[in-house]
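Novice: In order, the protein sequences belong to chains V and C.
Using the working numbering, the first residue of the first sequence is number 148, and each one after it goes up by one.
Using the working numbering, the first residue of the second sequence is number 1155, and each one after it goes up by one.
No lab work stands behind these hints, which were simulated from the structure alone.
No residue lacks a Cβ here, since even glycine has one placed at the ideal position from N, Cα and C.
Worth double-checking, as some hints may not be accurate.
To be verified - The calculated lysine-lysine pairs, modelled on DSSO-like cross-linking and capped at a C-alpha distance of 27 angstroms, are:
1) V:K203 x V:K452
2) V:K367 x C:K1274
3) C:K1444 x C:K1433
4) V:K452 x V:K366
5) V:K452 x C:K1274
6) C:K1274 x V:K366
7) V:K367 x V:K452
To be verified - Computed beta-carbon distance windows for the label pairs:
8) V:I272 x C:E1293: 40 to 50 angstroms
9) C:A1199 x V:K452: 40 to 50 angstroms
10) V:I356 x C:G1201: 23 to 33 angstroms
What the hints assert, rightly or not - Which stretches of chain C does chain V cover? Using the computed rule of at least three CB atoms under 8 angstroms from a CB of chain V, they are:
11) 1207-1215
12) 1252-1260
13) 1283-1290
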Amino acid sequence: MDSTSNAVMRTTEPVAEAPANPASDHVAPKEPTPALPMARQKADNESRLPTRIWLKNTGVRYVTRILALVTAVALWQVASTNGFHFYINFDNIPAPSVVGTALVAELAGHEFYLHILHSLERIAIAYALAVVLGVLLGVAMGSSRWAEDIILPYIELLRPIPGVAWIPLAILMLPTEQSSIIFITFLGALFPVVINTVHGVEQSNSVLIRAARSLGASKKAILWHVVLPGAMPSIVTGLAIGMGVAWFSLLAGEIISGQYGIGYYTWNSYTLIQYPQIIIGMFTIGGLGTLCTLLIRQACNPLLKWQAKGGRS
Amino acid sequence: MSTVPVNDNRLAVLDHSRLRAKAGKSGDERGRISVRDVDIVFDTASGPHVAVQNASLTVRPGEFVCLLGPSGCGKSTLMNAIAGFVAPTRGEVTVDGYAVTEPGPDRGMVFQQHSLFPWKSVKENVAFGPLMAGVGQNEANSVARTFLSLVGLAAFENAYPNTLSGGMQQRVGIARALANYPSVLLMDEPFGALDAQTRIMMQENLLDIWREFHNTVVFVTHDIDEAVFLSDRIVVMSASPGRIIADIDVDLPRPREQSLLTSPDFMALKRQCLDLIRKETLNAFQRQNKAG
Chain V
148 MDSTSNAVMR TTEPVAEAPA NPASDHVAPK EPTPALPMAR QKADNESRLP
198 TRIWLKNTGV RYVTRILALV TAVALWQVAS TNGFHFYINF DNIPAPSVVG
248 TALVAELAGH EFYLHILHSL ERIAIAYALA VVLGVLLGVA MGSSRWAEDI
298 ILPYIELLRP IPGVAWIPLA ILMLPTEQSS IIFITFLGAL FPVVINTVHG
348 VEQSNSVLIR AARSLGASKK AILWHVVLPG AMPSIVTGLA IGMGVAWFSL
398 LAGEIISGQY GIGYYTWNSY TLIQYPQIII GMFTIGGLGT LCTLLIRQAC
448 NPLLKWQAKG GRS
Chain C
1155 MSTVPVNDNR LAVLDHSRLR AKAGKSGDER GRISVRDVDI VFDTASGPHV
1205 AVQNASLTVR PGEFVCLLGP SGCGKSTLMN AIAGFVAPTR GEVTVDGYAV
1255 TEPGPDRGMV FQQHSLFPWK SVKENVAFGP LMAGVGQNEA NSVARTFLSL
1305 VGLAAFENAY PNTLSGGMQQ RVGIARALAN YPSVLLMDEP FGALDAQTRI
1355 MMQENLLDIW REFHNTVVFV THDIDEAVFL SDRIVVMSAS PGRIIADIDV
1405 DLPRPREQSL LTSPDFMALK RQCLDLIRKE TLNAFQRQNK AG
């Protein structure tokens, strides 16, 4: 050995293949296997799709998804204009064209935006509270058996209760209408966040915790550097589900709203027999819920970027 | 052994006074391990399981010792007792005179695989120990770079572990354990999951690094070739209950290279280990048959 060189490790070991070639494991089986050549070839072809074809396939899938939605709207239009009535009754359902006209009218005014703004405000407050409390409770439950035994019975008992069922108690217990609505929305978001955080924390990798301990990490440091990042994929799932549940709990909460909110708008349209407005309200809730969930996932992506470049386990 | 000159400024911040087991500032020795009359018993559903029985072992500062034995012989358990993850049921483990009660940065640990923090970059993984020791972020980063250079992975400091090959991940693991300047390096089958070619290269790499650090190394393996190639001493263990059955000095010249693997001296030592382990395995089978 050349003793004049310092003890820098030799770097002749092959570098990991670029992640762009995920099928490298399948390349060139070491000994020829005569059995089932057809099957092998098929498996190889399937796992060795170049990026170009993958993109093309994905593009086709998105086009398919959009077409599926367009088809549904078209069928709805046909059913409504022809008064389709066979068990399901489309007689009183406004056609997409009618709903579209009503929507244009709503978008031209400013009332509709006020409804959305009020709902967004309630969602923001309720969701923020749910995330903070949910993650705190979840971490406590996941890392302490004692905390779990105390908190879990409440969670299991309260979780199946739908938002609507909370309305009377919320009105009795809380000082204002606004706080009642926020409370109901908060409850909806809270449980998915808690459950998923507990799940993530309880799945902490014991080897990583041992590694951290042998590197001199304190309990607090282990929680911050090992347990929480490891639980993050599960927590983010909880945050996304929580956002969806928050929106449909909001609808329940806004039954008691006196003036504004997209849920109030929908209920009020029902009371006033404004069918196109009911449908507009429904789709607005669906759209905003989806949009907010997407935003949450996007916002959390930087926390999970270490997962993206998979390849080697 | 001749000293290895450091001619590369990448290694400039390597603190050599903290590296060598035998050359502390005041001439103190670091990294003396003493295991005295240790039993380790686990409670299992089917009653107590004796993982380690009556183990006594002294490792001198700067010595490279392999714990060799079949799976389930308690060699990893014994190492975990030195690391501080497992408390002995009886007896005592001390490092440099202090009883081991919990894991600590003076005993660096290298695990078999998947022990890097996947959410931290390679550099952040190596900087973790110094950061926990209370040095600032900048200082921790510069220490991390130094040790990554030492294992030849400076170019990968911003990569995430799951983009590296298994061998590269283990090199990061070694750099991470060394970044705390541990007096003892504990390695639990660190190359067991690697393919044969990579494993041999990693063994040579490890000896290169150890030549510079010369800290105490306890290395767990079930691979006889690996044990003979690496160590100054092989401590052979047998299974159920795990006992130390032999303590073999490996008097092969250093630095060691691959050509050693086919030399007569190497073969003789290998045969000695093989015979011991074969005898013990047969005994264990007979005991099991009698018990069954």
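Novice: Does each hint fit the structure? Answer for all of them.
Specialist: How the hints compare with the structure:
1. V:K203 x V:K452: 25 angstroms, holds
2. V:K367 x C:K1274: It holds: about 17 angstroms lies between the C-alpha atoms, which stays within 27 angstroms.
3. C:K1444 x C:K1433: Roughly 17 angstroms separates the two Cα atoms, so the pair holds.
4. V:K452 x V:K366: 25 angstroms, holds
5. V:K452 x C:K1274: Satisfied, since the Cα-Cα distance of roughly 10 angstroms is no more than 27 angstroms.
6. C:K1274 x V:K366: Given pair C:K1274, V:K366 holds - Cα atoms ~18 angstroms apart, limit 27 angstroms.
7. V:K367 x V:K452: 23 angstroms, holds
8. V:I272 x C:E1293: 40 to 50 angstroms: 42 angstroms, holds
9. C:A1199 x V:K452: 40 to 50 angstroms: 42 angstroms, holds
10. V:I356 x C:G1201: 23 to 33 angstroms: Taking Cβ atoms as reference, V:I356 and C:G1201 lie about 28 angstroms apart, which means the hint holds.
11. 1207-1215: violated (count 0)
12. 1252-1260: holds (count 4)
13. 1283-1290: holds (count 3)
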